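Asker: Listed below, chain by chain, are the residues.
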Amino acid sequence: MSTVNLPRHLLASVEKPARYTGGEWNSIVKTVPEAAEQALRPFLRYAFCFPDTYEIGMSNLALRILYHLLNERPDVWCERVFAPWTDMADRMRRENLPLFALESRTPLHEFDLLGFTLQYELAFTSVLDMLDLGRVPLRTADRTLDDPFVMAGGPVVYNIEPMADFFDLVIIGEGEEVLSEVVDCYLHWKASGDTRTREGFLLAAAQIEGVYVPSFYTVTYKNDGTVQAILPNRTGVPATIRKRIILDLDQAYFPTQSIVPNTEIVHDRIFLELFRGCTRGCRFCQAGMIYRPVREKKPAVLVNQALEMEKTTGYDEVGMLSLSTSDYSALSELTDGLLCELTPHHTSISLPSLRLDNFSLELMEKASSTRKGGLTFAPEAGTQRLRDVINKNITEEDLLKAMELALRGGWSGAKLYFMLGLPTETIEDVEGIAHLAQAIEKLYQSLPRFERPKRLELSLSTAMFIPKPFTPFQWSPQADTETMKSHQMHLKDLLRHSRSVRYKWHEPRQSYIEGVLARGDRRLGKVIEAAFRGGARFDAWDEQFKYDLWIDCLEKAGLDPNFYARRERSRQEIFPWSHIDCGVTEDFLWSEYQQAILAQTTPECREQCSACGAQCFGGGVCYE
Amino acid sequence: MSETFIVRLRFSRREPAIWLAHLDMMRTFERSIRRAGLPICWSQGYNPRPQMTFALPISVGLATAGDYLDLSLEEDLEPADVMDRLNRSLPTGFAILAANRAAPSKASLMSLVRAADYRLETPGLAEAIARIANTQPLVVEKFSKGKMVDVDIRPLIEKIQLKGPDCLEMRVKAGSSANLRPDLFLKALETYGDLPAEAAADCAVTRLALILDSNDPESAGS
Ligand code: SF4
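If you're matching them up, the sequences are chains A and B in order.
Counting with the working numbering, you get residues 11 to 634 for the letters of the first sequence.
Counting with the working numbering, you get residues 317 to 538 for the letters of the second sequence.
Quick caveat, the hints were computed from the structure, so don't treat them as lab data.
Any given hint might turn out to be false.
Unchecked claim - Some chain B residues flagged as far from chain A (calculated, every beta-carbon gap over 10 Å): (1) E346; (2) G382; (3) D397; (4) A494.
Stated by the list, open to error - Dumping the calculated EDC-like pairs for lysine to aspartate or glutamate here, alpha-carbon to alpha-carbon at most 20 Å: (5) K26(A) to E65(A); (6) K495(A) to D408(A); (7) K321(A) to D397(B); (8) K26(A) to D400(B); (9) K536(A) to D175(A); (10) K26(A) to D397(B); (11) K26(A) to E331(B); (12) K321(A) to D518(B); (13) K321(A) to D400(B); (14) K40(A) to E331(B).
Small disclaimer: the values here were computed from a predicted structure and weren't measured.
Ideal Cβ placement from N, Cα and C applies to all residues, glycine included.
Model the full structure from these sequences, guided by the hints.
Answerer: Okay, structure coming up:
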């Protein structure tokens, strides 16, 4: 066992050195048992790996929960590893230093198990960068008994096929239970003494529900490039892998002694998870499908957790992390509870992502009684027709009503989020975005001077729609980059006289590559590796993204990006992710797709159940 | 306004805490104070903050063996108790070394700082010092108010004491009116004393003590 020594000049020369030095309050340092002791009682060293910066990784709820959950066990030490920013990574390579874990500064390759959490496809090259810097062979096929097992989890793994060559095992779904089962399985394998091959552990792990071992499945392709079949190549391996979920979140493990970073992170506050899933069923939203069904925590449980965390962390702000916070059925009880318990200690509450249709003055006032945060609204599409297509059930009237309340309530503006390139989109839909912004301007002007803020400030941004697996639009082609650019320019032009609107847009070429990876298959593995070798990393960061390199690597591999991104798929097609089961059925997704084309909406779970399939888990909103 | 009670703390910071920026360190202390449950006073206004004052900012990479920090408390707690509670709430690398009551005064803690003692450790220091012994003005470029300006740092150095071939201690002017940062001193050693750039980059710097204005009897610390 070794530790990496970080020389002073190295830390002194990089941006934000505190990203790499650890030692935070509530971070966990253990003593590793001697080899002789480990022979009797195996001990597992786990590295929780996040393929982005410290600031982003430390804001990840899965990391926050699973880090402490694993460290509760006396037979495990879980440490953290983040992707070093390019300045640090380059210097480490120059000085021949391996990537290390923050707690013990042990090199990555000396760990038993590496668990990556994947939030976005554009992090794939950073995974390879971390493995390479940590001296772990990139491909599962090249790893020996001296190397760690490399594992993945997170929303992206519902289609992990493009990275299938690099991960030994994948956890589908929520990790609280299954991760412990994998750890047990590993310790058992170590204790069994029969550790001559890596396969022994992988075969045992593949028996655990929710665990997917990509190398145990063979994918064959048809002449047209689509998948012919995905079949297990070992006996005793399941044909499909169903995701794992936690049914009772009130009883689920939740760490109250959370790490307090020494340097500012993105979500630098206490965070509460009000519920998992979302009842809405927006058709573009992958999270809304893969996290079904909705399961809530009780307000009393949340208030207790907040109070406990306030004591153990010293934070003076509470934030709420859920897909659509204002859909929480006991929101007012919760905010009242938090306000009454926390504000005497100067702790404020921030309410993110308020929805338009149930936006209430009361809620706004609660948030503003402590600190006035920004308002964010996401109408997503510019016309009612297109909002019906995507099942975003809000109207222009909702938006204007909410804006009027906000302006009268002292807010001077809001952030508005839209998407370009949604299925069936026409130029009228693009123009509708400008019309909405202008309607807000008109509304502002119509208010009496003393009942409105001095100035109106709207920040309007458009992202590119990317069809994702396990959504009704998984069959749909992604819009082409050129049309998207012209739509952006058109919108910019329409908004040129709207002085209160600041328009920001997303680079369509980045979304195009993300789209290729999102619905990609195993053949993309060599493209990702080639892109990494060519210098790609942190692809989600605009200034790091190298479009030409990606196109070049795709071409060299003889793969057409349009095959993945721009192709309309047939109902019969077997997807690269067809062996993964998230509960929601393909029949439901297809019928949603058909409804979308007809601009027919579907009610949300609480209004009327659409029998999407997620009732198979036997709990949550389906049984309320 | 109700009465406030000032407790002056002397604290140290070592690896890995030396890599925090000053703002990060302030946030870290704020949270530690809250964890310790100390009855800290809060500032008024739109965005209230806990009331605490550092004697002198500490730059990234700098260790300290004795900096000062004043806390304004709502209750008259035993300083030893404050020290004890805070020590149990600070992250790795920070420690409170002493705590004393200080009289609330008009002069801020920052304005009391007059000089600072530093220890520098890196190969070749003694040789470099010998080479600059006769360089009268020690002019180095410094970034100030948005542009590079030339400053003579010689008058800012009060004394230098060699502790070995690779170690020295020095007393330099510090505070809001005249202040010498050790990195500027190292730059002068590079420019005039041929200290290799690598040695300068690897130099471990520790602030040994802050010298407060002697008019203030409370500053003695412990
Ligand atoms: S089964 Fe019904 S209630 Fe349950 S998630 Fe699906 S649509 Fe919602």
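Asker: If a hint holds in the structure, say so; if it does not, say that too.
Answerer: Here's how the hints hold up against the structure:
no. : hint               : in the structure
1   : E346               : 7 Å, violated
2   : G382               : 21 Å, holds
3   : D397               : 18 Å, holds
4   : A494               : 25 Å, holds
5   : K26(A) to E65(A)   : 10 Å, holds
6   : K495(A) to D408(A) : 29 Å, violated
7   : K321(A) to D397(B) : 19 Å, holds
8   : K26(A) to D400(B)  : 30 Å, violated
9   : K536(A) to D175(A) : 9 Å, holds
10  : K26(A) to D397(B)  : 34 Å, violated
11  : K26(A) to E331(B)  : 15 Å, holds
12  : K321(A) to D518(B) : 39 Å, violated
13  : K321(A) to D400(B) : 17 Å, holds
14  : K40(A) to E331(B)  : 18 Å, holds
When each numbered hint is compared with the structure, violations occur for hints 1, 6, 8, 10 and 12.
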